[in-house]
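J.: Sequence:
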Amino acid sequence: MPTNFTVVPVEDTPLSEPDYDEHILKEEDKEEPDMVAGPYSGEETPRETSSLISTDHDDSIYGKNMALYEDEMDSTPMVSSLLNKLANYTNITQGVIEHEEAESEDGIQRVAVKGPQMGTFIGVFLPCMQNILGVILFLRLTWIVGTAGIMEALAVVFMCCSCTMLTAISMSAIATNGVVPAGGSYYMISRALGPEFGGAVGLCFYLGTTFAGSMYILGTMEIFLTYIMPTATVFNAEEPTGMQNNMRIYGTCCLAIMTLVVFVGVKYVNKLALIFLSCVVLSIMAIYAGVIQSAFKPSNFQICLLGNRTLQNSKFDKCLKTEVIDNVTHPTQLWKLFCEGDFNGNATCDEYFTHNNLTEIEAVPGLLSGVISDNMWGHYGQYRAVVEKKGQSSERVSDNTDKDISMPYVFNDIATFFTLLVGIYFPSVTGIMAGSNRSGDLRDPQRSIPTGTILAIVTTSFIYISCVVLFGACIEGVVLRDKYGDSVKKTLVVATLAWPSSWVIVIGSFFSCCGAGLQSLTGAPRILQAIARDGIMPFLQVFGHSKANGEPTWALLLTAAICEIGILIASLDAVAPILSMFFLMCYLFVNLACAVQTLLRTPNWRPRFKFYHWSLSFLGMSLSLSLMFVSSWYYALVVILIAGCIYKYIEYRGAEKEWGDGIRGLSLNAARYALIKLEEAPPHTKNWRPQLLVLLKLDSDLGVKHPRLLSFTSQLKAGKGLTIVCSVLEGTYMARGADAKLSEQNIKAAMAKEKTKGFCHVVVSSNQRDGFSHLIQSAGLGGMKHNAVLVAWPANWKQSESSLSWKNFIETVRETTEAHQALLVAKNIDTFPTNQDRLAEGTIDVWWIVHDGGLLMLLPFLLRQHKVWRKCKMRIFTVAQMDDNSIQMKKDLQMFLYHLRLDAKVEVVEMHAGDISAFTYEKTLVMEQRSQMLKQMQLSKTEREREIQSISDESRNSIRRKPCGQKPSHNNKLQVPTVILDEEPQLIHDRNTKSHAILNDKPTPTSDRVHMTWTKEKLISERNRQHREANMTVRDIFNMKPEWENLDQTNVRRMHTAVKLNEVVVNKSQGAQLVLLNMPGPPKNKGGDENYMEFLEVLTEGLERVLLVRGGGREVITIYS
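Heads up: the sequence shown is residues 1 to 1121, going by the numbering used here.
Mixed in with the good hints, there may be bad ones.
Straight-line Cα separation of at most 25 Å, DSS-like style, residue types lysine-lysine; simulated pairs [claimed, not checked]:
no., residue 1, residue 2
1, K891, K905
2, K785, K677
3, K648, K867
4, K490, K315
5, K1068, K890
6, K697, K807
7, K873, K890
8, K489, K318
9, K677, K720
10, K315, K336
11, K905, K873
12, K798, K1060
13, K720, K648
14, K785, K697
15, K871, K905
16, K297, K489
17, K489, K315
18, K757, K648
19, K757, K871
20, K297, K318
21, K873, K891
22, K489, K336
23, K753, K720
24, K705, K755
25, K315, K390
26, K798, K697
27, K741, K785
28, K807, K1084
29, K648, K748
30, K741, K705
31, K890, K905
32, K1068, K873
33, K720, K867
34, K748, K785
35, K798, K705
36, K753, K697
37, K890, K1060
If you are wondering where the hints come from, they were derived from the structure by calculation, not from laboratory data.
Generate coordinates for the entire structure from the input sequences, incorporating the hints supplied.
T.: So this is what it looks like as structure tokens:
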């Protein structure tokens, strides 16, 4: 059929205008208040696609052309609406920059912002460069080169730079797989590995960034107190702890000033960032310029050697023992440092000073001097060892270390070894996350983040490698090993190489460390704020709040407090390995996240960055872990323990976040593999444990009717094995779908309260019998299926007007038997102990009447593993008949329990075959009279239903025969509004087994209510007939003669067994905490179902807590190992 289309001109929408963007953002805020409040509440994560899906549509736009889809437009908007949203979508960071949010008195509101404008160079490359190049380059790299040698220093640099490069590749893949909002690496890891790993590693990254602030502040103070204003010290720097105390005082003051700057506003930090970056660039250029100059003109710095020992020339001017002035020999300042007494008299000098000569050499021989060969290999030393020049002539004297310490030698302040240098150097390559943290401010983050980060790592790696080689080729080895520049008049060692002046590097490194410290104090609180707002750790929620301009005040205060801990350590070399651990842990999980996502091949894993592979991620992860233990194995264990504790805490608190993470996907794959393997063969008897299907009843409010059943489940399972908690709602799923979800929520809440670990499922069925039957048949998956069913005894089944409760119960017993599943029936379940109770004493009595596969033996053992039943003793009773040898039975049973490794007391109870008592006959008579009465009442009810149905059919036929226009007469008709027909629910397989005649006699109504029109005479006659039948039924019931001879002897014998066994059980176990009994099977003839319930009542009468047990038809306990 041809279709006519009309082309309508559409005006262009000014999408690029700022006012329009602002209008769109404000409209979105009004339409989606829940989405705005989500991130600040900390209770749930906002839907990432909510900003793209519009639930409003204008009929004038869609008109009648799309009427076919108009019913679904609330959930599935038109493509044109979606594209319009995409065109106006601005990728901004959520809650990390103060211009993104404003807090008013009425609440938290979003404000319009301009689109991001930064490119790769400004937005990613320069921030990464500023964060990577810093304090270690200026203060420790020369010392690392001098101590480790060029070759080992290159190995250190290569390992660390390789780790960050591999991590950057993995990070680029994750960052280009979608938008990376606030939190940077925390967001990437948590969304890729789940809330548990995300929270643990996020806090590690936060602590690493915080301790990095401590390191930068300590570096700033070291430069200030050692090289800029050494006279500003409060304590004497010559004392062992004097310099550390100065660092603590000035470091605390510097931290307070930086915290105040960040508190006032991060915009000031951003304005100063360019100045700090310029200082870094100028300092590096000064280093390279100095290297070039050294090839032609050596520097003016000289060092003084006494033998082969390096001297601190800050305490003397001339490298001479004596000097001649006006033909008179005078002692120099150096002589006075080593000698005591009068120069012209009996002076006492140091023995080493007396026997060795002084030598003055250049501190920076130059690029072409050949000093590179001396610095090729390492020169590690012990604590307080004198820095000596290898190959310099020296006369050895008796060792006197204590006296040497007071001499003006250059000493090692710490013992040096390779792994220590790795830990100290690694912080110099951190900072690769700076680009991903700013993804919201980038013009094209999926292109800028990989390019800018990798280029920054390549550039800084080249700088570090070239500096290692150039330092070793230009500077004398003893000067390189002089950490604080004591041999070059307290000058920064790297500054001796600078051109045009050493102050360029001193001032540049000072401001560089200041800027890096401010960046750390700015970034760390926002990482903590992002973690707190995710709501995965409740105790951190207070740190998710911010002040009016978006500054995370509480998070900043906590960051400053932790940063103060690092400052109180007062040693750059001690703080550096700590933050190395935290950053390495973070990098390890970034690589793990990429590897997991790549190997799982999840549909959402579609990164734009293509140059990655799972093997590279795995290599980066292995290298990160290796570097952790190489740097400091005890710090590594502490950090792993901290991360593990955080992980278990989040898991214990029950992280309800679902972020589509890779660990969930990995769990699904592992579960699928395990289920397929379990399907191959049934479990061995040694591995058998009760996998429970718990059938719950719900009350009228859809709450759990017997919560103690869940308590008993957790006590029996103790968190092991499979537990499926199910319930059934009557009706259709279309009508009661919402009730089913509400019921599941209530059951899960009850399970959490009772600490029952397992799965929950609620089904909707036409009746409860069908629902329970379907659950027994189909619950579970593959090899993880239940093998036992736990139900509560139908209390008050005698007083109930409907027989459905006990009939459903008996059908459940039959179906579990047919399915070869064990059945546990808890009677008086509301009296069972809760998980908070502790049974101080008592017994668990097992009445082993028939062999059921050993389930009766296993259940008390499992219960006693729980703290509720742990102090209870186990007793096993068995029944002996007249022809049994009770003594031998007891010995055999004791030996059997010994082989089963069960500790229990054994008793054999003898039941003599006595005559059937009058009480038994009386019980049987009452039971059969009650059964006959129920059958008679059911028969009368069935006849009434047949009559009503026939009248209904006749009325319908008469209405159909009348002409359409003819109206019914109202003179001889009586309108009856509604007649409710109660139909007993039948199982599907029960209906199939009924005879065809019965099916024809009892047609199934098509609805619960049948509307009929009767004549007045028919209604009166029907009422009189029903009254006569009811009177006749009652008369017949009370005229029954209680003759014992007419009783069914089978019922008499069964009642006799129940009465006698109950007497014995009550006599022995009335005071027991729990009684376990073999549950007899239901009768094969369904006509005696009500009698079966009476037998069980008599059997358990007088007992407080009873667990009736039926085995599943297989052995569940064995004596073999």
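J.: Now tell me if each hint is right for this structure.
T.: Status of each hint after checking the structure:
1. K891 x K905: holds, 12 Å
2. K785 x K677: holds, 14 Å
3. K648 x K867: holds, 22 Å
4. K490 x K315: holds, 10 Å
5. K1068 x K890: holds, 16 Å
6. K697 x K807: holds, 15 Å
7. K873 x K890: Since the Cα atoms of K873 and K890 sit roughly 18 Å apart, the hinted pair holds (cutoff 25 Å).
8. K489 x K318: holds, 12 Å
9. K677 x K720: Measuring from Cα to Cα gives roughly 19 Å; hence the hint holds.
10. K315 x K336: holds, 11 Å
11. K905 x K873: holds, 8 Å
12. K798 x K1060: holds, 22 Å
13. K720 x K648: holds, 18 Å
14. K785 x K697: holds, 21 Å
15. K871 x K905: holds, 15 Å
16. K297 x K489: holds, 20 Å
17. K489 x K315: Holds, because 8 Å separates the two Cα atoms, which is no more than 25 Å.
18. K757 x K648: holds, 16 Å
19. K757 x K871: holds, 24 Å
20. K297 x K318: holds, 22 Å
21. K873 x K891: holds, 20 Å
22. K489 x K336: holds, 18 Å
23. K753 x K720: Distance of about 18 Å is within 25 Å: holds.
24. K705 x K755: Status holds; Cα separation ~17 Å.
25. K315 x K390: At roughly 24 Å apart (the allowed maximum being 25 Å), K390 and K315 satisfy the hint.
26. K798 x K697: holds, 18 Å
27. K741 x K785: Within the cut-off at roughly 23 Å; holds.
28. K807 x K1084: Answer holds: K807 to K1084 is near 14 Å, not above 25 Å.
29. K648 x K748: holds, 21 Å
30. K741 x K705: holds, 17 Å
31. K890 x K905: holds, 10 Å
32. K1068 x K873: holds, 14 Å
33. K720 x K867: holds, 15 Å
34. K748 x K785: holds, 20 Å
35. K798 x K705: With Cα atoms ~19 Å apart, K798 and K705 stay inside 25 Å; holds.
36. K753 x K697: holds, 17 Å
37. K890 x K1060: Holds. K890 to K1060 sits at ~21 Å (cutoff 25 Å).
Comparing the model with each numbered hint stated earlier shows that all of them hold.
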